[in-house]
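Asks: Here is what each chain is made of, one letter per residue.
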Amino acid sequence: MLKYAFRRILGMIPMLFLISIIVFTLAKLMPGDSLSGEIDPRNTNPQYIQEMREKLGYNDPLPQQYFRWIGNFVQGDFGKSTRFKIEVSEVLSERLPNTIMLGLTSIIITYILAFFMGTYSGRKPYTFGDNLIGGLNYLGLSIPSFVAGVFAIFLFSFTLGWFPSNGSVDIGTTEGTLEYWLSRFHHVLLPALVLGLLSTASYTQFLRNDIIENSRKDFVRTARAKGTPERKIYNVHILRNSVIPLITFLGFDLVAIISGAIITETIFTYPGLGQLFLQSVGTRDYPVLMTLTMLFSFLTLVGNLIADILYGVVDPRIRLD
Amino acid sequence: MKKKSMLMLAVLMLVLSAFLAACSGSDKAGTKKEDDNKGKSGETAGEPQDGGTLVYALDSAPEGKFNYAFYGTATDAEVIDFFDENLIDYDEHLKAQPHIASWKTEDNKVFDFEIKKGVKWQNGDELSVKDWEFALYTIADKEYEGPRFDNVRNILGAQAYHDKKADKIEGIKVIDDYHIQITFDKARVNNLDNLWTYPMNRTAFKGIAVKDMMSSEVVRTKPVGLGPFKVTKIVPGESIEMERFDEYFGGKPHIEKVVVKVIDPSLSVGELKNGTLDMTSFHPSIIDQVKALDNVNAITYPGVSYYYVGFRLGTWDGEKNVMNDQKYQNVKLREAMFYAINREEWVKAFFFGVGKPVNRPIPTNHWIAADNKDLEQFAYDPEKAKQLLDEAGYKDKNGDGFREDPNGKEFVVNFSHYATQNPTFEARAKALTQYWEAVGLKTKLTMTDVNLYYDMLEKADKSVEVFFGGWSTGSDPDPTPLWGSKALWNYPRWVNADSDKLLDQALDISIVGTDDQKRKDLYVQWQKLFMKELPVLPIAELEETMAVAKRVQGVTFDVSGMNRPNNWWIKQ
Chain W
1 MLKYAFRRIL
11 GMIPMLFLIS
21 IIVFTLAKLM
31 PGDSLSGEID
41 PRNTNPQYIQ
51 EMREKLGYND
61 PLPQQYFRWI
71 GNFVQGDFGK
81 STRFKIEVSE
91 VLSERLPNTI
101 MLGLTSIIIT
111 YILAFFMGTY
121 SGRKPYTFGD
131 NLIGGLNYLG
141 LSIPSFVAGV
151 FAIFLFSFTL
161 GWFPSNGSVD
171 IGTTEGTLEY
181 WLSRFHHVLL
191 PALVLGLLST
201 ASYTQFLRND
211 IIENSRKDFV
221 RTARAKGTPE
231 RKIYNVHILR
241 NSVIPLITFL
251 GFDLVAIISG
261 AIITETIFTY
271 PGLGQLFLQS
281 VGTRDYPVLM
291 TLTMLFSFLT
301 LVGNLIADIL
311 YGVVDPRIRL
321 D
Chain Z
1 MKKKSMLMLA
11 VLMLVLSAFL
21 AACSGSDKAG
31 TKKEDDNKGK
41 SGETAGEPQD
51 GGTLVYALDS
61 APEGKFNYAF
71 YGTATDAEVI
81 DFFDENLIDY
91 DEHLKAQPHI
101 ASWKTEDNKV
111 FDFEIKKGVK
121 WQNGDELSVK
131 DWEFALYTIA
141 DKEYEGPRFD
151 NVRNILGAQA
161 YHDKKADKIE
171 GIKVIDDYHI
181 QITFDKARVN
191 NLDNLWTYPM
201 NRTAFKGIAV
211 KDMMSSEVVR
221 TKPVGLGPFK
231 VTKIVPGESI
241 EMERFDEYFG
251 GKPHIEKVVV
261 KVIDPSLSVG
271 ELKNGTLDMT
281 SFHPSIIDQV
291 KALDNVNAIT
301 YPGVSYYYVG
311 FRLGTWDGEK
321 NVMNDQKYQN
331 VKLREAMFYA
341 INREEWVKAF
351 FFGVGKPVNR
361 PIPTNHWIAA
371 DNKDLEQFAY
381 DPEKAKQLLD
391 EAGYKDKNGD
401 GFREDPNGKE
411 FVVNFSHYAT
421 QNPTFEARAK
431 ALTQYWEAVG
441 LKTKLTMTDV
451 NLYYDMLEKA
461 DKSVEVFFGG
471 WSTGSDPDPT
481 PLWGSKALWN
491 YPRWVNADSD
501 KLLDQALDIS
511 IVGTDDQKRK
521 DLYVQWQKLF
531 MKELPVLPIA
541 ELEETMAVAK
551 RVQGVTFDVS
561 GMNRPNNWWI
571 KQ
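In order, the protein sequences belong to chains W and Z. Letter by letter, the first sequence follows residues 1 to 321 in the UniProt record's numbering. Letter by letter, the second sequence follows residues 1 to 572 in the UniProt record's numbering.
Quick caveat, the hints were computed from the structure, so don't treat them as lab data. From a predicted model like this one, the values you see are computed outputs, not experimental measurements. Glycine is no exception: its CB is placed at the ideal position from the N, C-alpha and C atoms. A few of these clues could be false.
Listed below are the simulated DSS-like cross-link pairs for lysine-lysine, each with C-alpha atoms no more than 25 angstroms apart in a straight line [what the hints assert, rightly or not]:
| hint | chain 1 | residue 1 | chain 2 | residue 2 |
| --- | --- | --- | --- | --- |
| 1 | Z | K222 | W | K55 |
| 2 | W | K55 | Z | K459 |
| 3 | Z | K327 | W | K85 |
| 4 | Z | K459 | W | K80 |
| 5 | W | K85 | Z | K116 |
To list a few chain W residues with every Cβ distance to chain Z over 10 angstroms, as calculated [said to hold, decoys possible]:
| hint | residue |
| --- | --- |
| 6 | K85 |
| 7 | L189 |
| 8 | F268 |
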């Protein structure tokens, strides 16, 4: 297992390098640069823009720019955001807690809902309840998040007034107090619900199908034959086997938690990494943009690795070496 | 500095799919003059009441560069306007007025400034001209990374200090805490308009190197200003809380607390309706929804931006414009294309009733703007357009319904418009092409990503022949940076000796002296020339739109923006 993990980690290095080349090239291929937005004919003269382009190194040949960036990047210097003019790491750390909070809450919601709906559907397949759950799931899957977001805001914020429609915290609260954390939770709940509800479909259906499949297996028939109560069969014998494939999702969820939800964060004006990513593209903030993309790529690779390893851990039949 | 080009705006709005919210006036906000009733919010009945919290919304996240010397976007400027103050002020015709500072000058070269005594910073310091000197030195520093050096460059010796050839700026002379003399390198009419007049608190910035200032706490999270409200808390990228600054020099503000927060534009109508938002600027496309709310006033006030259709007449050789592209050189062709456009109808359809046709490359409310009766109006007249095209030799020779050029070759108008996520752009561009096709000019429309678009215009790319553009102007009326023959931003690459001469004369102190009327006359002549030559077809100007809850009183608007927030009050 260790040997396998080590081999995979080594394999990630060239992969990350290739990704970095692609990320860099694509970023630079976008028309314009971070300065083309700063034109102001009356007070910014062309000379200033020239000077800044020179200072930021935009005039150097591309390979040279690439190696300068990747050199610093490897040493942990992600550069200075051209938009905020502060260190990229500082920009990210301002938003990371918000994103993690949103991601975790939404995933917990997804897990809980998917678990209950999945087990119910799996146990009573092709009944009215199962079809209802299936119908709701696919409805959720097919509603775009920006529609759901706006609708949720209209209903829960404007009409009912249960949740705030924007921001991550009420500015009037003092940091660190219970009130502060309650306010943050209050703010995160609505976007998290939107995100969480819309993504329950795949989990629910996976769980349902596994339960149905397992319930037809020989060991279930054996258990039934020897008189094990139905409840125990489902909750112990079947469920444990059915959860295995779901555990591998954990790896991918790691990325989902961090990468944020671009559209949902924007609609709810929730300052997280997703919103930051979108804005960085719009303003050609290369350092932030490339750091974020590298971060997401890295997490995807790690997520894959974790998924594979977990697979081996929960199911001894699968050998990794 | 403060006025952003339409490009900047378009980039900002890309995310929000809103297309314009010109920003220039608001930065130089601060006129206390009573205005014509157009921009008045609500009935200002009764005595101002103290107290209450005002919620003000921004449509995109601020970058957090909360200092006049460092900010980059109009959004940041909206926040700064609450807590900081300009030393001088601009009236409803964008003329400079004394505010904290007053000035005397004999020759427009040496200015003697005097500032009011007892003006307090929010950290308790008294304002001194040394704070202003400090700001000027900071901006002139080689390490300074903001874009404002142009506002300091013209001071005698500033360039030498910037290049580290001198350790003092020769033209800045502090006489005492309240008097300062600033000498420019030469007499110019617009020296004052271009001068940097925002002080920086010396004690707050003490010990911070110039290159670290932009990322320092004083700029990011704990700004110190002179304005009516002081910042108490900042949640980066999300909201700013401010409280009343009792010692504000313009009088104690009535409102107790201001919360500025970022709200996605798609939510602003709902928030306004619920009463959880008091003030916000909004996109003209939702004006009807805002007007329908009974607790909110939708206010429009004159803006300083205009839109035009330009022609590629030449190219940029790296230093100056060269007029060498023949395709649109015929003035009659350009005139015909102007007469072909029904601007009234077009503006009504795409600017939601908050714009109007404009007939000059200067917004109507600027003091140098020529009167409409002095200018050719180019009212919609397709027959005249056809006649002009016939005269110029653009006739349909092969019977396909479209005109050929005078040599009998196929003639296609290649029209470009920038593309953002705003869906109305393509429609409005398409509408223009239909006007031209209606008079027999075959037109091909290209929508180009906004970043690429302005890159191409800047490089005078051959493929951008007829193009849509817009500019936002500031308090300095001088059109040279946009239409001078050496201006990079003269996108049509229009070169005209008479135009250059008039523009130079209007700035020449030996010709116009300090007489504004003389200067205006020259600009009127220039506008007449411009409208005769038609290097671009001015299309429309847009008004600014702002929503103000009815409970908020005492807010007035003019072309320079809103009045100072210390005059506002909330009806309890």
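Asks: For every hint, state whether the structure bears it out.
Replies: Hints and how they fare:
no., hint, result
1, Z/K222 to W/K55, "violated, 28 angstroms"
2, W/K55 to Z/K459, "holds, 21 angstroms"
3, Z/K327 to W/K85, "violated, 44 angstroms"
4, Z/K459 to W/K80, "violated, 28 angstroms"
5, W/K85 to Z/K116, "violated, 34 angstroms"
6, K85, "violated, 5 angstroms"
7, L189, "holds, 17 angstroms"
8, F268, "violated, 7 angstroms"
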